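Visitor: Residue numbers (this note's numbering), protein chains in the order written: chain A, 355 to 459; chain B, 201 to 583.
Rather than coming from a laboratory, the hints here were simulated on the basis of the structure.
There's no promise every hint is true.
What the hints assert, rightly or not - Computed spacing ranges between beta-carbons, pair by pair:
no., chain 1, residue 1, chain 2, residue 2, range
1, B, Glu337, A, His440, 34 to 44 angstroms
2, B, Glu434, A, Asp415, 29 to 39 angstroms
3, B, Ala565, A, Ala420, 39 to 49 angstroms
4, B, Gly255, A, Asp415, 31 to 41 angstroms
5, A, Glu419, B, Gln419, 46 to 56 angstroms
Claimed, not checked - Which chain B residues stay away from chain A? Per the calculated CB distances, all over 12 angstroms, these:
no., residue
6, Gly226
7, Glu243
8, Glu254
9, Gly255
10, Leu288
11, Gln309
12, Gln379
13, Gly409
14, Arg431
15, Ala515
16, Glu538
Given the structure is predicted, the values throughout are model-derived calculations rather than measurements.
Note that beta-carbon positions come from the ideal geometry of N, C-alpha and C, so glycine has one too.
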Amino acid sequence: MLRFALFLALSAAAALASAQAPAPARKAELIDLVRQDCGSCHGLTLKGGLGPSLEPAALADKDAEALGFVILHGRRGTPMPPWREHLSEAEARWIVEQLQKGLPE
Amino acid sequence: MKLLFAAVSVLLLSSSCTSTELRGTGDLGLVIERAAGRVMLIETTGRSALARIEGLGDLSHASAVFSRDGRYAYVFGRDGGLTKVDMLRARIERRVIQSGNAIGGAISQDGRIVAAANYTPGGIRLFDARTLEPLAEVLTGAKVVGIGDAPGNRFVFSLFETGEIWVVDASDPKHPSTQRILDVGKQPYDGFVTPDGRHYIAGLYGEDGLALVDLWNPQAGARRILGGYGRGEEPLPVFKMPHLRGWASAGRYLFLPAIGRHEVLVLDRVTWTEAARIAVHGQPVFAVAQPGGRRVWVNFAFPNNDVVQVIDTAAMEIVKQLRPGRAVLHLEFTPRGEQAWISSRDDDVVVVYDTASFAETARLAAAKPSGIFLASRAAMTGF
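Can you build the whole structure from these sequences, using the hints too?
Guide: Okay, here's the thing in structure tokens:
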């Protein structure tokens with residue numbers, strides 16, 4: 355019973371954490387990840403490469419939730435891999451927000 | 201006074217490195233400092249950096265080929281920039297923006313034509329290697345990947361979306377002729393010309409296997425090899441595409457990164473069948489043979505990219521694991537194989553190893569280094 359209560363408490367804490375924006379240090383890591391690692395297919399400047407452009411103009415009319423889904427689960431039939439083992443939902447959502455308004459330096 | 205003295209010695213140093221003293225280029229090379237839009241000029245005799253050359257634009261996924269005299273490097277940047285660098289004077293000789301979005305390039309057998317491969321608009325453009333004047337354009341309607349040069353002043357490349365391999369004969373550089381090979385397989389993502397210039401092999405992303413073209417007889421089309429190497433298993437996520445251009449040829453075997461599998465595939469070049477597969481640390485990106493062919497060094501995609509593994513090609517097993525730094529992007533051997541140069545992007549360093557002892561012999565600071573290109577490539581087909 356105690357164990358179950360603990361589980362509930364932990365799950366609630368995890369859900370709360372995942373709803374929040376990433377901490378400042380993690381934000382810097384994420385920006386670096388997007389520029390460097392996403393950049394290997396989408397270009398360092400995110401103008402596109404093997405993968406499409408991730409510039410604000412290219413993403414303006416795209417649904418943020420759908421973009422977050424693509425980051426986490428990849429896109430079948432394309433080289434876009436699923437990042438869910440390396441990013442939380444909140445982090446994916448935050449990345450989409452940044453990309454849609456222009457990734458900070 | 202001290203400051204003045206320091207300034208004068210720097211001047212003397214840079215002039216002695218770049219213009220006054222005669223020197224060859226056989227031990228020179230470039231390291232791409234990709235975020236800084238700059239290249240570092242290196243020499244492998246003293247294992248040092250000689251100069252920085254600025255102003256090359258967006259260098260993500262940049263690569264370089266060399267003039268046949270080994271003096272000039274042609275650097276292809278992602279932003280479509282093609283920059284001719286004079287390595288003896290350590291300066292940019294010429295620079296053109298040739299497309300919106302480029303992926304690499306090649307130089308012809310006779311050294312007169314530089315071909316740039318483009319994503320947008322999809323195709324290749326040919327340039328006079330001396331002046332960088334445009335000569336011709338071959339449009340493909342699809343993203344060009346895996347360009348290499350082949351004997352007969354030909355350029356061979358693959359098309360990602362349409363699954364084709366094109367062989368462009370540029371003997372008449374203003375009027376190139378193209379042979380299209382269709383249905384080579386789904387989504388070729390990179391390709392390379394074998395060191396003897398005889399075959400072109402493209403890796404396929406959309407299916408398990410590779411496409412092989414005999415450049416002595418390209419009209420025979422492409423042959424599917426290593427079909428079904430994934431054995432129907434669900435592929436692992438690929439966080440960075442492997443690169444085939446650093447082909448590893450050791451005796452009768454070619455060592456190639458598998459895609460979506462943490463394995464290096466060993467291809468028998470006589471029978472074109474699988475000879476072995478070697479389990480490795482992650483998704484391989486480059487598998488490069490140390491000159492002599494006894495060992496193959498492998499680096500990996502995110503998130504396993506802080507390790508380099510060394511395979512003994514006789515035993516077909518891993519004999520060494522190195523940790524040069526975080527995010528290892530590339531490795532390059534000196535032409536006789538006694539040194540390995542390895543770039544670590546996230547530790548901003550290029551590390552040099554003695555390949556006999558695996559001892560670290562130098563460590564050069566560099567801003568987000570990626571590709572390392574030695575001038576000895578000037579004499580190699582497919583580079």
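Visitor: Please go over all the hints and tell whether each is borne out by the structure.
Guide: Now for the hints, and whether the structure bears them out:
1. B/Glu337 <-> A/His440: 34 to 44 angstroms: holds, 40 angstroms
2. B/Glu434 <-> A/Asp415: 29 to 39 angstroms: With Cβ atoms ~33 angstroms apart, the hint holds.
3. B/Ala565 <-> A/Ala420: 39 to 49 angstroms: holds, 42 angstroms
4. B/Gly255 <-> A/Asp415: 31 to 41 angstroms: holds, 36 angstroms
5. A/Glu419 <-> B/Gln419: 46 to 56 angstroms: holds, 51 angstroms
6. Gly226: holds, 31 angstroms
7. Glu243: holds, 27 angstroms
8. Glu254: holds, 17 angstroms
9. Gly255: Per Cβ check, B/Gly255 is outside 12 angstroms of chain A; nearest 16 angstroms; holds.
10. Leu288: holds, 29 angstroms
11. Gln309: holds, 28 angstroms
12. Gln379: holds, 25 angstroms
13. Gly409: Since the minimum Cβ distance to chain A is about 16 angstroms, B/Gly409 lies beyond 12 angstroms and the statement holds.
14. Arg431: Check passes; 20 angstroms lies beyond 12 angstroms.
15. Ala515: holds, 32 angstroms
16. Glu538: holds, 30 angstroms
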